[in-house]
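J.: Residue numbers (our numbering), protein chains in the order written: chain A, 10 to 372; chain B, 10 to 372.
Do not rely on the hints blindly, as some may be mistaken.
Copies of the same chain look alike in the list, so a pair counts if it works inside one copy or between any two.
The list that follows gives simulated cross-link-like pairs (lysine-lysine, DSBU-like), each with its CA atoms no further than 30 Å apart [what the hints assert, rightly or not]:
1) Lys-355 to Lys-119
2) Lys-232 to Lys-200
3) Lys-199 to Lys-97
4) Lys-101 to Lys-265
5) Lys-239 to Lys-21
6) Lys-66 to Lys-21
7) Lys-278 to Lys-239
8) Lys-101 to Lys-237
9) Lys-239 to Lys-24
10) Lys-58 to Lys-119
11) Lys-310 to Lys-199
12) Lys-368 to Lys-232
13) Lys-312 to Lys-168
No lab work stands behind these hints, which were simulated from the structure alone. Values in this document were obtained by computation on a predicted structure and should not be read as measured data.
2 protein chains.
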Amino acid sequence: MSENISLTEAFKQTKYQTGGHGNRDIQVLKAAFENVAGDEPSDMYGNGKVIEEFQNKMADYLGKESAVFFPSGTMAQQIALRIWCDEKGIKKVAYHPLSHLEIHEEDGLKELHHIDPILLADKNRLIELEDVMGLNEDIACLLLELPQREIGGQLPDYKTLERISDYCRDKGIKLHLDGARLYEILPFYKKTAAEVCSLFDSVYVSFYKGIGGIAGAILAGEKDFTEKSKVWKRRHGGDLISLFPYIISADYYFDKRIHKMEQFYEQAKELATLYNQCSHIVTLPLEPVSNMFHVHFDISKEKLEPILVGLYQEKGIGLTGHLRETSENSCYCEVSIGDQYEKISKEELTQVFRELNEKVTSI
Amino acid sequence: MSENISLTEAFKQTKYQTGGHGNRDIQVLKAAFENVAGDEPSDMYGNGKVIEEFQNKMADYLGKESAVFFPSGTMAQQIALRIWCDEKGIKKVAYHPLSHLEIHEEDGLKELHHIDPILLADKNRLIELEDVMGLNEDIACLLLELPQREIGGQLPDYKTLERISDYCRDKGIKLHLDGARLYEILPFYKKTAAEVCSLFDSVYVSFYKGIGGIAGAILAGEKDFTEKSKVWKRRHGGDLISLFPYIISADYYFDKRIHKMEQFYEQAKELATLYNQCSHIVTLPLEPVSNMFHVHFDISKEKLEPILVGLYQEKGIGLTGHLRETSENSCYCEVSIGDQYEKISKEELTQVFRELNEKVTSI
């Protein structure tokens, strides 16, 4: 086997991968529909059994009065912030500098809704109560992302969360949860989804991260809020005649994986320990608080890539398909534990890390 | 059987229906995926074979340089108008008073893009060249819907279309095609899609009307235009991680039905003739120019409904499930010919209309 292939290619060719649920392919849809009756009717523009039942199920799970299915979180969250801004008559919100809205949405919030975000805290740390208290402008809404994905999936302790929630309620600031990975943090907090969501006025959750569905999101809150969100969903072009391909698969994988979050969390801690035993390598957070973490390498991407490619080809176990440079001499990758991890023998995994450590030590 | 059921219910219970492709149910998805290999990879945020190949296929079919798949036409068309407005620096467009953007989108164009539409022509007729020439304000873009659905699916003659196109090009007005039912009008114009589209700067087509897919749309034009549309698609929350459930079904039903448009058109004319032979009933247009038309009844909805329910129950053939009032003494319904029509015996259909005529005559 040649080592002259890219990291992505070598990763794809491994038999086992430490992260994810496996390939995102057509089978993911087929499996979800295998046992669904063909004569089950489609949803129609937000109405019908298939969408209403799932919305009710998720509202119950999240402990909210009402829930609406959206094609994407991007759409759901912009709309949530817009509703709160309209209600308050202030076109200002606050969120983390590395929020999805700030770095992955081509400024949709600004370009479509003319909402001004205030970036709270520093790029490299979580939002603290002091940051919120220190705001010297009125805002309609504060968005908290739990866990904060772009810094490895970090979480504030629960007390901090409660204090921020109390403070916002006191000041009339709406609190919105970017819960793209909400299920994944419940084992760490030892709370139910409804308990965490009770701290927030509105909540978005996703179905293709830990759940492993195809796409789609739920936005939940009080009925008055979700009714308004349906109007905005139509304005955004998200009120499709049929959303059932996403709804049925979201429901299927929710039931299949929601009880595995504790396992993913424990496995993330186990895998992080293996990384942290290597020199020049450290995970962020040091001990994961969900199924995800980042791995920081004190080695240049250029030097690390051939080491990983060699290791993948020799052992058949893939650690990551993508390294991102942080400087000339350092890089990092993201790991999210899913169904794939349990297939790997602990013994072989330990050997992979023993060898990785030897190779990076001798650089 | 009781006659005390609603028109919608009675229509649902008929064995045959004159319009549509049959039930919108889960089987529509299952059939499209039956022969697709499970290991075929998903699209990822607008990239990948499954989305790129279909976009190329549709760009070729429409005779445009490039095409982008969207979850909905609502999203695609707002974005098209926004791009043309930004390019011209004028936040003004023109379209028909019964355009989809004006009556079915909760004012998304105004609320999200702050674009002001000028309503051309009268509600009850098509836009003519004179309407465009009579504009006394600058506009960035003129949107034409072919056929004009809300007035029965009427079409301007092709010469008028060419003259409007020439005029717009001359005046620097961008011309956008709302081609939700573009395939359906090609037999009447005796033109290819590419020939019709060559008159327009940008084109939207749909996959769940005549094609009978699940949802989804294509926006096509020059590369520079479609690249911009991808940025706006992300802003709208339409750049889903996976759109393949809609793409694969759009492709499947496109291949299955694109060659049936001539048949649907001929059948629409046949069915309209049957309606027009009844007293108190007239179709709009009198002779259909696509697979669709409206049926206007000079009878109150209240009186007509029990007649239709009785007829459905007696004959097992459904004409419509929904009547819309136009006045105290008149109402109308919409008919779109699809796969269902060919299943009905001509003889039985003729009998249905003979009986309908007797009943409405004796009111």
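J.: Measure nothing new, just compare the shortest in-copy and cross-copy C-alpha distances for Lys-239 and Lys-24 to 30 Å and report within, between, both or neither.
T.: Neither, since 44 Å and 35 Å both go past 30 Å.
J.: If the cut is 30 Å between Cα atoms, do Lys-232 and Lys-200 qualify within a copy, between copies, both or neither?
T.: within (24 Å within a copy, 50 Å between copies)
J.: Are the CA atoms of Lys-368 and Lys-232 at most 30 Å apart within a copy, between copies, both, or neither?
T.: neither (57 Å within a copy, 47 Å between copies)
J.: I want to check one pair: Lys-312 and Lys-168. Are their C-alpha atoms no more than 30 Å apart within a copy, between two copies, both, or neither?
T.: neither (42 Å within a copy, 66 Å between copies)
J.: For the identical chains here, do Lys-278 and Lys-239 meet the 30 Å Cα criterion within one copy, between copies, both, or neither?
T.: Answer is neither; intra-copy 40 Å and inter-copy 39 Å both fail.
J.: When no copy is specified for Lys-101 and Lys-237, does a C-alpha distance of 30 Å or less occur within a copy, between copies, both, or neither?
T.: both (19 Å within a copy, 27 Å between copies)
J.: Is it within, between, both, or neither for Lys-58 and Lys-119, if the alpha carbons may be no more than 30 Å apart?
T.: This pair counts as neither: shortest intra-copy Cα distance 35 Å, inter-copy 32 Å.
J.: Quick one: Lys-310 to Lys-199, C-alpha cut-off 30 Å, is that within a copy, between copies, both, or neither?
T.: neither (37 Å within a copy, 59 Å between copies)
J.: For the identical chains here, do Lys-66 and Lys-21 meet the 30 Å Cα criterion within one copy, between copies, both, or neither?
T.: Classified as between: cross-chain Cα gap 28 Å, same-chain 36 Å, threshold 30 Å.
J.: Indicate which option fits the pair Lys-355, Lys-119 if close means a Cα-Cα distance not exceeding 30 Å: within, between, both or neither.
T.: For Lys-355 and Lys-119, neither the intra-copy (48 Å) nor the inter-copy (58 Å) Cα distance is at most 30 Å.
J.: Can you give me the call for Lys-199 and Lys-97, within, between, both or neither, at a CA distance of at most 30 Å?
T.: Answer is neither: 34 Å inside a copy and 56 Å across each miss the 30 Å cutoff.
J.: At 30 Å max between alpha carbons, let me know whether Lys-239 reaches Lys-21 within a copy, between copies, both or neither.
T.: between (40 Å within a copy, 28 Å between copies)
Hint violations for this structure: numbers 1, 3, 4, 7, 9, 10, 11, 12 and 13, all remaining hints satisfied.
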